[in-house]
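The sequence shown begins at 1 in UniProt numbering and counts up one residue at a time.
There are no misleading hints in this set.
Straight line, CA to CA, 35 Å or less: simulated DSBU-like cross-link-like pairs of lysine-lysine:
#1 K198 to K175
#2 K40 to K63
#3 K275 to K290
#4 K290 to K175
#5 K309 to K246
#6 K73 to K109
#7 K85 to K146
#8 K246 to K175
#9 K212 to K238
FYI, nobody ran anything at the bench for these hints, they're computed from the structure.
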Amino acid sequence: MALLDDVKSELAAFDGDSPAAIKAQAAAMIRFGGGLHRIKNSYIIQFECASLAAAEWLRDTLKNVFGHESEIKHLTRQAPNGPMKTYVVFVTRNVVALALQTGLVDRRKQQVQGLPAEVVNGSIAQIKAAWRGAFLARGFLSEPGKASFLEIACPSEEAAMALCGVARRLGIQAKHRTLRSSERVTLRDPDAIERMLKLMGATRSAREWTGKRSDGEARGKANRLANFDDANMRRSAKAAAEASIKVQHAFEVLGDNIPENLRQAGQLRVDHVDKSLEELGKIAEPQITKDAIAGRIRRLLQLAEKTEKARAAEGK
Numbered sequence: 001m002a003l004l005d006d007v008k009s010e011l012a013a014f015d016g017d018s019p020a021a022i023k024a025q026a027a028a029m030i031r032f033g034g035g036l037h038r039i040k041n042s043y044i045i046q047f048e049c050a051s052l053a054a055a056e057w058l059r060d061t062l063k064n065v066f067g068h069e070s071e072i073k074h075l076t077r078q079a080p081n082g083p084m085k086t087y088v089v090f091v092t093r094n095v096v097a098l099a100l101q102t103g104l105v106d107r108r109k110q111q112v113q114g115l116p117a118e119v120v121n122g123s124i125a126q127i128k129a130a131w132r133g134a135f136l137a138r139g140f141l142s143e144p145g146k147a148s149f150l151e152i153a154c155p156s157e158e159a160a161m162a163l164c165g166v167a168r169r170l171g172i173q174a175k176h177r178t179l180r181s182s183e184r185v186t187l188r189d190p191d192a193i194e195r196m197l198k199l200m201g202a203t204r205s206a207r208e209w210t211g212k213r214s215d216g217e218a219r220g221k222a223n224r225l226a227n228f229d230d231a232n233m234r235r236s237a238k239a240a241a242e243a244s245i246k247v248q249h250a251f252e253v254l255g256d257n258i259p260e261n262l263r264q265a266g267q268l269r270v271d272h273v274d275k276s277l278e279e280l281g282k283i284a285e286p287q288i289t290k291d292a293i294a295g296r297i298r299r300l301l302q303l304a305e306k307t308e309k310a311r312a313a314e315g316k
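Using the sequences provided together with the hints, build the complete structure.
And the structure:
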């Protein structure tokens with residue numbers, strides 16, 4: 001989490017945007033981090049995140065740019081890894097006026113499901129700011145040395161599609177997926193991740209992430225080659241890497257429609273590319289044989305292939 005915190009601190013400190021871009025960032029932060037809520041006969045605007053710097057940026061921007069007062073509340077929640085601090089920005093006065101200013105509602109006072117039209121159709125600076133705001137609200141970044149990803153949790157399918165659409169204007173292909181009823185927008189290509197970090201304004205963190213990733217890949221490759229003392233081991237490593245790619249594709253095709261035993265076997269293959277099938281069976285819970293885990297991975301890939309063929313037939 002240290003690198004993610006550094007990225008968000010750098011983004012919250014980004015300076016030099018135009019007024020329109022600042023408004024686009026604030027709108028995206030609110031849209032992805034909370035939004036407009038009706039409580040009894042009144043409305044509130046709420047933004048929640050794990051970054052104090054992001055919460056303070058939004059509070060200051062709402063006051064200095066939009067002319068609205070807000071307050072920050074500190075909350076502590078119990079998470080699987082221990083207590084987690086979150087920060088919530090509340091606006092309780094003149095809420096509808098602020099919602100109109102930020103584009104959370106349109107002129108008919110209907111809530112916008114994606115991103116405001118003035119952002120989607122705005123300048124490149126506004127597009128960069130919208131991605132920056134969405135990332136500050138609900139962004140995640142893999143630690144160097146692990147499977148690369150940059151991901152944003154989205155409040156709705158429309159918001160995810162809008163984020164993918166504006167990414168294309170930046171020349172970056174982002175993928176929308178639904179994971180356990182949660183809408184996500186994901187980048188997995190390391191070069192695209194590095195470029196997006198720079199476009200959002202986290203140039204220092206982008207260099208750090210890329211440097212650590214390159215070092216990790218070099219060390220991992222050296223270690224694997226040192227342990228491969230014959231051609232059979234090299235072929236096994238290549239097969240494991242290819243299987244990992246196929247499993248990731250199967251996950252994308254099948255989404256949530258995967259039997260749990262097949263999902264677990266596939267996830268082990270993705271998480272431990274350098275391990276043999278026998279080693280995967282030993283770290284499975286409960287332990288299973290080499291043949292059992294190979295069979296489950298094979299059935300997972302067959303299920304994905306069958307599903308793809310069925311979808312292709314339906315589309316004809």
